[in-house]
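Residue strings, one per chain:
2 protein chains.
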Amino acid sequence: MSPNRQMALMTQARQAATFDSMLLTHIIHDGEENASSRRAALARVESTLGITDTMKLPHLHTGLDRREQYLEGLRRGRAIVTDMLQHDHTHFINLTERSQLTNATPFGLNFLMFRRTINLQGTTEQKRYWLPLIERMEINGCYAQTELGHGSHVRGMETTATFDSATGEFILNSPTVTATKFWPGGLGLSCSHAVVAARLETGGVDHGVHWFVVQIRNLSDSTPINGVKLGDVGQKMAYNGTCNGYAHFNHLRVPGDSLLAAHARVLPDGTYVRNEVGSQESFAKQSYATMLEVRRVVIHWAAFGLAQPLTVATRFSVVREQGAPMFSSPACPEVSILAYKTQHQRVLTLISQAYAILFASQEFGDRFEEYQQEKREGALGRLSFIHAVSAGLKAWATQTVAAGAEEARKMCGGHGYLVISGLPDMVGTACAAATFEGENYVMWQQTLRYMFKQVGAIQAGRAVDSDMTESLSGYQQWLQVEGENSPPSYLLLDSNHISEPATLLKIFQHHFHRLLSASHSFYTQQTRTSSPAEAWNTSLTRLLPAAHAYLEYLVLQSMQRRVKVIGSAQPSLLPVLSRLTELFALTTINNPGPSFISVPFAEDRLLTADHFLQMRARIDELLATLLPDVIALTDAWDFTDACLCSALGCRDGNVYERLMSWTKQLPVNQQDLAREAWTIEGGIGEFLRGNIRPVAKARL
Amino acid sequence: MSPNRQMALMTQARQAATFDSMLLTHIIHDGEENASSRRAALARVESTLGITDTMKLPHLHTGLDRREQYLEGLRRGRAIVTDMLQHDHTHFINLTERSQLTNATPFGLNFLMFRRTINLQGTTEQKRYWLPLIERMEINGCYAQTELGHGSHVRGMETTATFDSATGEFILNSPTVTATKFWPGGLGLSCSHAVVAARLETGGVDHGVHWFVVQIRNLSDSTPINGVKLGDVGQKMAYNGTCNGYAHFNHLRVPGDSLLAAHARVLPDGTYVRNEVGSQESFAKQSYATMLEVRRVVIHWAAFGLAQPLTVATRFSVVREQGAPMFSSPACPEVSILAYKTQHQRVLTLISQAYAILFASQEFGDRFEEYQQEKREGALGRLSFIHAVSAGLKAWATQTVAAGAEEARKMCGGHGYLVISGLPDMVGTACAAATFEGENYVMWQQTLRYMFKQVGAIQAGRAVDSDMTESLSGYQQWLQVEGENSPPSYLLLDSNHISEPATLLKIFQHHFHRLLSASHSFYTQQTRTSSPAEAWNTSLTRLLPAAHAYLEYLVLQSMQRRVKVIGSAQPSLLPVLSRLTELFALTTINNPGPSFISVPFAEDRLLTADHFLQMRARIDELLATLLPDVIALTDAWDFTDACLCSALGCRDGNVYERLMSWTKQLPVNQQDLAREAWTIEGGIGEFLRGNIRPVAKARL
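Just so you know, the protein sequences line up as chains A and B, in that order.
At position 123 of the first sequence the residue is numbered 122 (numbering that gives the first Met the number 0), and the sequence of numbers has no breaks.
At position 102 of the second sequence the residue is numbered 101 (numbering that gives the first Met the number 0), and the sequence of numbers has no breaks.
Hints are computed from structural coordinates only; laboratory data are not their basis.
Among the clues, some could well be false.
Same chains, same label: a pair holds when it works inside one copy or across any pair of copies.
[Stated by the list, open to error] In the DMTMM-like style, the derived pairs of lysine to aspartate or glutamate whose C-alpha atoms are separated by at most 25 angstroms in a straight line are:
1. Lys235 <-> Glu656
2. Lys284 <-> Glu376
3. Lys505 <-> Asp603
4. Lys284 <-> Asp220
5. Lys126 <-> Asp619
6. Lys235 <-> Glu67
7. Lys55 <-> Asp651
8. Lys228 <-> Glu656
Model the full structure from these sequences, guided by the hints.
As structure tokens, this is what we get:
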């Protein structure tokens, strides 16, 4: 195809880059070798699936009904698992070929959560039995925790597993409607097995929630096991390639070794035994270990979840020419919408956020690996920190992604509202993460609770956790001067270097310290007249901004660190990534995030009106300098056209011809639906012929 | 059905109200008589449609494909128009039975835009011919303006209408792919006629965009007229009950009187004649008159568009019991999620926004009526003000609704992600308005441009427009002191009365004045070295916050005024509405809106740290006082269960039984899809049996 105007604009924008986007691809995809092996795997899978012709309307956009959506998900899920099995890799273990979380396919949770739970909660013997079955994918398992009436709050779950000492079995039961397992991915139609969270009862005593591995479907004829009713929860905003399901247990008897018994077991006489000595809290934490590990995967995904709609929006912004700036002469030709300063700012601010999430996720991944290593060596000291940060980072990242994906969609104007733009599905995918794997408002509280423990340590003259030393350095100094009217001298900012990395980090840290101190004081005051629970809840709206501020600080710190390391290894990437980091910091200060849990930096009164002016001027400079790199910065994520599945976002920029071509291929335009609509009984034709009285004319 | 726990909680919450919600219903629906006649009409329509059984899965949620969605939209559209014709009312002229904008049905634009355009652009003779056909609904028309390559920017449109003096006809043509009319509601399948925006060309001269009324489909056999290709643009995030369409004209000849000729005509010899003397700008404004009027309808809709998901989220928040506050004893029973202070604040903040939009829309409606009256009398003096406010209010309201609807959805946790929650469709509906009928970033600019003209008048010593006198009072005083470090004495706030209506309004006005003055100075400075167009675009990110601040001021002012009037007529409503107004003001200050176009109040440095503390304490008080009224405040909008179409939001609160019942009725759960998935070739059964090699085990 000879390049049309849009394609020429795209080529030009791509050639403007100041760096080699492939070098950044290697950073994003964990090294050159991994990036290229991932690319090869994707190419095989896309070829198997027959989805590489970008002028052909993607099957996903042909108006599939629930059944067809699911069957297509099955086909794709099978293709990626098969490729992993045949070519011995794990590229699609966490993210699918469309860069969605792998629970988007009917097979994803087998590895992501089913295997993980057995690995974490099972005895050596149980692992020896189950793990090979899972790894060879002879069975397909899911993770059945949430119930119709119970989400994040595990303690409230109703499903029971009652030990029958006569037979040595457990009896799984859903005693109420609200006890129905509801939402687990793969549960409805696709899984043969599930790990089920249920209250363990022996001899009339409730020992709290434990995990059971349960067969739910007969492998021979695919029917549900007697005593289990299974079904699909129906259509969702996205993730429709899998079957989130429900399961109702009617006194289902399962063998005694169904209880995953690494941490607790039941003796034949019904005696309940904890295998380790520990508090109820640490026991409970162990049973959430799967969620903790999966949260890390969610954080990793989040960067891709934002980069994907941004890739579409950035490409569209380059080729969409629309209007001319206010006061232009009538002869002024239409300009690319990226030329509008607001669009330009929105695009780059969100790009900086996608990279911020990526780098924060990579840094957190390193901390997590260290923790895992220590854990294997028997040291659990960092669990609280890891737990608190995983919760907060999950909340911060998924909230940023949900808002950013929808903003990216809006940046494409009306066309972003079309399903074939691919954006509605990306927005739907992005939005899910804010409420699953821990509702974000619950997550913020987990982070804050940990921060308060650190404040408690400081107040008691004890050391804070080693992971918090740097974040909380200077906190005591701040406590001593916080009542004063103007910022203390050690916080005075050098106006000539307001945008230096260290200064920016200091501004973020001060913001965090001020809000932490304010929220802790407020809470403490409340506890004088209320119980801790009442005080906590009464103060909630004042507390969460401190958690939010900590996360912003942590993310900036991670991004600065990571960019420094990358820059030493690959100096050609240093300028663009440093600018992006600075832009992230400055726009975070100047365009505060979602309102309910953040407090503007301006309230700190550390920054003067002049500082704000300077920062906005610096933002303008950065935007101008980064403009030539917008395409390279989005190309770098290496999304294929088939992955984006977007008429607006293909690499070649050929937006209008593709949009029109896909539209004409839609089944609705092949069916002569108009004839049906006009000629059926009660149709348009009959309707127009039958109308003779005016609609309340005077009031129209 | 005997009330279960959820239903009992709902009844209790409803009975807690401090006022009679029906009185508020009368305010929302323009008086008691209108409210009750609307209710009766809805009851008839819902009975005709057979959608009143709330335990039956709504047809809309049965997983309809594109064809079925459209046919259902047709059925519903026909039902409401028939009811209007038979019972001589206009309840569904602007909003459908589901409280969506009427362009959600295939017939809505016939009245909303097709008739309106002919009325505004047609000659007396043209109106005499066309209007009766429209009012009797013998034809169904749409409004064909946007093109594949051209949205808000009318000037860039490519469709041509070339006058052929040999025959006296116009030749309509789409010269390129991007000239294809794309998006018009009803165009694809449902309309017989369209008003088409096209560049009028006579004798090789381009006279700019004019309107033509064109038959596009044969009434006899429903086929497209020769020379027109028609189709549907496919599935969208919402509005799938209608056919947004495309039309490609291939030298279609239409009669000479197709040109709507109220403002310009073409003589038989091809001479082009403007009927009135006026600038090109005022001529262009006239051709956008339909959009101006429709914008008023969009603003009116916006309040309902937010109230609807909020009704669902509020009801769900009352009956959903989940977890217990942090630090509660393990014995603490689960609490309603509305008991969490953050949820409580989110619910009531958004409710205050819905009422703010409602009252602002009613106030604006009154101004608009005055303007219409003056226009009929030949006075167009207020057009600029009306245009600027309609643009800004549309942007502010639709942005508030889009963000608020998604927030309401998130407040329902995972269940809000289900299509049967009704929320995804509401969010999709809400999001559309931010980009249609004028993209919001374009709208903000229209408002600001008008504000700059007012500033220009002040600087030149002239009077501002009479509609702006009050808003800009004190602006000059501010200009004189704005360089000073502390706020001027006339702005000193009495800390004891920080939350008085007049004080709050003053804070908003000062915020507006400060940003207006800052943005105007910045822009003026840029014009010293750049052209006005360059200066405007360079400054854009600094300019728009001033427009945003004006709208916030205007909305608060409208709400305060309206509540005062309502309160005198109906004193029992005064306390609750006054609290809501105060809450709106305080949360707007403390939880700033979307970041790209707003600047925190804290940057004004008018409010001290103490003020912020006081305000947050006052918000806490208001939240507590308003809590008993949450159900009444949402009931008042009078949405029927069928209108909400939500398993989570029915009036009775019976959430879980309904959710489970609807889920079981889904076709996917009637089909034995699992058997198909397991037994087909390439299905799950074959897949699991065939897998023998482990997935890269070591790396799992």
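Status of each hint after checking the structure:
no. : hint              : in the structure
1   : Lys235 <-> Glu656 : between (31 angstroms within a copy, 19 angstroms between copies)
2   : Lys284 <-> Glu376 : within (18 angstroms within a copy, 75 angstroms between copies)
3   : Lys505 <-> Asp603 : both (12 angstroms within a copy, 23 angstroms between copies)
4   : Lys284 <-> Asp220 : neither (38 angstroms within a copy, 69 angstroms between copies)
5   : Lys126 <-> Asp619 : neither (57 angstroms within a copy, 52 angstroms between copies)
6   : Lys235 <-> Glu67  : both (14 angstroms within a copy, 18 angstroms between copies)
7   : Lys55 <-> Asp651  : within (15 angstroms within a copy, 48 angstroms between copies)
8   : Lys228 <-> Glu656 : between (49 angstroms within a copy, 16 angstroms between copies)
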